[in-house]
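Novice: Sequence:
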Amino acid sequence: MRVRFAPSPTGYLHIGNARTAVINYLIAKKNNAEYIIRIEDTDRERSTKESEISILNDLKWLGINWTEGPDIDKGHGPYRQSERDEIYREYTDKLIKSGSAFRCFCTREQVEEDKNKAMAENKPFLDRCRHRSLEEQDKLAAEGKEFTVKFKVPENEAITFDDKIKGTVTFNSSNIGGDFIIVRSDGGPVYNYIVSIDDALMEVTHVIRGEDHLSNTPKQMLIAKALGLPQPEYAHLPLILGFDKKKLSKRHGITSVDIYKQEGYLPEALMNYLGLLGWSTESGEELLEFDKLVDLFDITHIGKSPAVFDFQKLKWMNGNYMKKYPVEQLTDMLTPYIDEAGFSTSAIERSRLEGIIAILRNSCEILSDIKNLIGIFLNDINEPDEDTDAHLKEDYALDIIRIAAEVINEVNETTYTSDFIAKIKEKSPHKGKKLFHPIRAMVTGRLSGPDLDMAMPYIGYENLKKRVDYAHKRYC
RNA sequence: GUCCCCGUCGUCUAGGGGUCUAGGACAUCGGGUUUUCAUCCCGGUAACAGGGGUUCGAAUCCCCUCGGGGAUGCCA
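If you read the first sequence in this note's numbering, its first letter stands for residue 1079, the second for the next number, and so on.
Hints are all accurate, no fakes.
In the DSS-like style, the derived pairs of lysine-lysine whose C-alpha atoms are separated by at most 30 angstroms in a straight line are: (1) Lys1449 to Lys1511; (2) Lys1339 to Lys1328; (3) Lys1551 to Lys1505; (4) Lys1471 to Lys1551; (5) Lys1370 to Lys1391.
Note that these hints are calculated values from the structure, not bench results. These figures come from a predicted structure and were not determined experimentally.
Could you build the full structure based on these sequences and the hints that come with them?
Specialist: See below:
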């Protein structure tokens, strides 16, 4: 069994494509199959080397290890379509000579007009160049007339295939839009054409791709048939949608795998989420590490309907994967984000850093969450956010601030951790929420956060005093 | 327009004629723990797109409508 992922290097790795890559990978792993990467860079205008590199990097980061690709040629290369022109040219000649394809010299306007006419009459579009003889075509071409090469679609022929996800799908050849371009006027071959050739030549046995390719499948089958090439099995994955049920795009949130990486999502969480999207396990278990995911995966379990991408659930999953790491390792993972927040981790004692992270870790769902939390410990003073500010203006909060301002001078470096809160409690007319919430707000600058008793030792007496004094000055 | 695909809680899904007063997860709400918030534990709200059939019986089969998506000459 051989599967492939064929990205087009015209941008970053999109989360929807990543899903396709992941599903292919699960299948490959499950069946011990070869996993081929093929770069579909036939769009010369938009394809870039940088984007090929970034896509490949993102795939690696996700944990996908291909067995064949641009960097690993096992005799089926080249693995970039831009390097396979000779191969395609040969097939194109073959198709033209056999009459399965023809050169079309019509202008865009002419074709548009003909198409509209056919559409209006509800008849299949037949290209006006499709009957030209080879000699005639040669003559026109020799005259220097611009042409495209088109595949001659047979009339009224049933095209059926058994899609592994969608079931049996049938098209009528008269209904797929008529003769279609396989080579552009600039000589560049078109996706729908060479995908058939490459899949066959690379001996791909199972084509698993997005549903947006479903309507292209009959064209590709026709090509393979005309060329006498083998047909792969097909499976079309339902699309991933945004919250408004429209195809997932930038306005729905993050769609670039690279950004997920930057924001501190873990590759194993993304793998889990993407791999599980569209189906569920028998037990209902959802937190599945890679091996288990592979073990339980079965493409026939994937549903037929599109799925809305649930960012919250991904975060939930990510938080769960973060919990699996020991503090030491998690600290290493978090360090870049703490630095990014403007603190110099290299200047902080390691044991102190790990102690802080042990306290903060449960409040994080993604690595970058630490950026908003770490200031609780590392800042001298934390400016209260809007809600906290409002809270600190309450009468009971003001009482607590005044008391704290006294108490802070009654404790010292060594006693504050146990006595600061205790003494406030003694003097306070308030208890419960009206006691602890103001303390939290005053000390951390926010309404929620880690357990105060746990946090105190890591805040330090000096900073505590600064914060109390600041609050006293600001609010009283 | 035409062709193809799809339609169960807000979201991901289980369920393939009776065991469905429709199950699980995320989110949400409530309770408990925490002398505070969060975490954690427990519990609740919430769905078969609509209409016709077939059948003793339909979320499950068929048809229509509606809705969404995709393809339909030089994106993949």
